[in-house]
Amino acid sequence: MDAQSQHLFSLPIPPSTLAALTKAGYETLDDLPQSDSANQLIDVLNIPLGASQTLYSSSQRPNSGGPGNLPSTQTAASLIGSISKRKSRRFTTHCPPLDALLDGGLPEGGILELSGPPGSSKERILLNMVRSFVEAGRTVLLVDCQDMCEPCHLDELMTDNSSARRLVSYLKIGSLTELMMFINNLSSCNDSFDLLAISCISYPFQNARLTKSARNYILEKIKQALTKVNISQNVTIVVTSQLVTKLVNIDGTTGNFDSVGAKGVMVPALGHVYLPSAKAFRVLVALNGPTLDTGSFRLLAPLKPGL
Amino acid sequence: MLLKAFALLPDDLVTELASLGILTSTDLMFSSTPLEIYSRLSSKTISFPEFEACIKVILTKLATSGQEAVELDQPSQSCFKMETLTSLDNYLDGGLPCARVIEISGDNDSGKRILLLNCVLMSLLRNREIEGLWIDTTGDFVVERAVQILEYHQQSLDDMEILLQRLHISIATDMESVQQIIRALDFQLALVRTSSIQMKYIVIDSVTSLFGPYLSAVSSQGHAIMAAFMRYLRDFAKRYSVIILLINNATLMQPRSTARAQTTAEVTNPRSVFASTIRKPALGPSFTFMTDATLWVSLWPAQEEDEEKFTTHVVEVFRSKFSVSKYLVKW
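So the sequences go chain by chain: A and B. Note that our numbering gives residue 303 to position 303 of the first sequence, counting from 1, and the numbers run on in steps of one. Note that our numbering gives residue 1313 to position 313 of the second sequence, counting from 1, and the numbers run on in steps of one.
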């Protein structure tokens, strides 16, 4: 078997199509007729149009040229150039201490996670970011997982901006299943937006009974989808998350309620697995007391400055 | 391969065989003996010796060509090698050899990415006629790190820019995109090029996130995808004398389940020299056999007497086709 041609089982086609093609004897992309249009396979083998289009787009020969012409590829030098151009545009959170922590605001194409206890103003900061983007004339997709950011609140916040209604799209998510459907459809979404704001991404995970491996799998999927959309379409991502208690022993290892001397530490509910770790800013918003007047911000990541 | 793709077979024979359910060359060779297939043909348009001759032609076309042993004994000094760490290079007779697929695995934060980035950049620095491709699948690649490394080696801004023009960075978060990029590169390298700059490195960072979602306990399709792609990479490396480096993550060693097994006891990795290694490369037990070498990078625990802020890492050769295994280097 020729190692050079791509096998059909590695293509994203439905199992029924793969079975029909295998039964007809087609094993690799080279076996498919090249000069015919897609109609031949549809008529003879009853393959849906979408699958046959995938097959023919995969078998198309790419353009000639150096490695500079590869899909999704650029040289490191041009990547640095585009990053410095991107970083010059920063969006304010309308919260001066947080802006100072982020070195002037969130850069375009950056990722920010805000986690904190109930009552800390993370949702407020999220809406401030939405306002920043709307004031700059950019489009926003606001995903509400916990019913915290109703469209009427948004309207009140942006009464002076008439284009806000046109620029902001709102989506309500009720369960983990809906969240996963949204994540799966994210990269193939036709409408482009500049800011993806997800309110309380940890909430759908609260009541879902998941094994550890299933949870890790879902978090990896979220990371993949967010990375893809962040890099390919330069979408800025702002996410809020709740906190959970983690019990830590004196020596630093994970403990439980029975361990002697174990302390409870509040950490972001989903950990860092679901974010592209090198670029994401993770900020903990804490309150300084029961009066809710003062609070503090703590930058959890990235630990090395200048990134 | 489909029988109708063979121009040497007569069309009516192909149609007859198709009516018997024999569509591909695999069916023709392995479903039954030639005599039995011939007896099932309804109309005998060709004679049996002619039918056997057709089968022989197909066999000759599909079989791998032989190679004499004297041709295989190529002198290894003329081959391009990638220099890594001094002691590892001394052991490997110059460095990592070209036309190979090498896996670098280790835990999170063990230093695999920074090690590879250093080695690739140093190689690009020493040799101005080569270029490299870094495929980032997780979005964790920070290009400023490359700048920091070059600044440490006292490169001026202009030199840095020229060097960084030879390092290509791709972002591909799934299998499809990576396949597209590598096949596009394959097509471009296959055309005769007058350019003096040669592609010598491809780094895929990391393969765990690429293959991991496909591997499952209930279906072997994921494993087939992984095996087919690894075979394609091996072929690619051989054809263009490229070094392909794959970064793989680590998983915990599972204890063998017996009635008396203690589930809380940690299992050590028998491939490692150290008893403290309790993790193994991810992607299952067969992945290590799909590459030409497996290097394991781990973080050495910080000693109390270390006052300066540096970290110590250890590289072990778990398995290698071109050197002896179970060799370790500390840097």
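Just so you know, the hints here were simulated from the structure itself, not pulled from any lab data. Computed from a prediction, not measured in an experiment: that's the story for all the values here. Where hints are given, some of them may not hold.
Said to hold, decoys possible - List time: in silico SDA-like cross-link candidates among lysine to any residue, alpha-carbon distance up to 20 Å:
#1 B:K1004 with A:S5
#2 A:K263 with A:I250
#3 A:K23 with B:L1017
#4 A:K23 with B:M1175
#5 A:K246 with A:H272
#6 B:K1238 with B:C1079
#7 A:K212 with B:S1216
#8 A:K221 with B:K1004
#9 B:K1238 with A:Q4
#10 B:K1321 with B:R1231
#11 A:K228 with B:S1177
#12 A:K228 with B:M1175
#13 A:K23 with B:L1003
#14 A:K221 with B:Q1188
#15 B:K1004 with B:L1062
#16 A:K221 with B:M1175
To be verified - So, partial list: chain B residues that the calculated Cβ filter (under 8 Å) puts toward chain A:
#17 M1001
#18 L1020
#19 L1023
#20 A1063
#21 S1065
#22 L1164
#23 Q1180
#24 R1183
#25 A1184
Using N, Cα and C, we set each Cβ at its ideal position, and we do this for glycine too.
Against the structure, the hints come out as follows:
no. : hint                 : in the structure
1   : B:K1004 with A:S5    : holds (18 Å)
2   : A:K263 with A:I250   : holds (8 Å)
3   : A:K23 with B:L1017   : holds (14 Å)
4   : A:K23 with B:M1175   : violated (25 Å)
5   : A:K246 with A:H272   : holds (14 Å)
6   : B:K1238 with B:C1079 : holds (12 Å)
7   : A:K212 with B:S1216  : holds (15 Å)
8   : A:K221 with B:K1004  : violated (42 Å)
9   : B:K1238 with A:Q4    : holds (12 Å)
10  : B:K1321 with B:R1231 : holds (16 Å)
11  : A:K228 with B:S1177  : holds (11 Å)
12  : A:K228 with B:M1175  : holds (13 Å)
13  : A:K23 with B:L1003   : holds (14 Å)
14  : A:K221 with B:Q1188  : violated (32 Å)
15  : B:K1004 with B:L1062 : holds (14 Å)
16  : A:K221 with B:M1175  : holds (13 Å)
17  : M1001                : holds (7 Å)
18  : L1020                : violated (13 Å)
19  : L1023                : holds (3 Å)
20  : A1063                : violated (11 Å)
21  : S1065                : violated (13 Å)
22  : L1164                : holds (4 Å)
23  : Q1180                : holds (5 Å)
24  : R1183                : holds (7 Å)
25  : A1184                : holds (4 Å)
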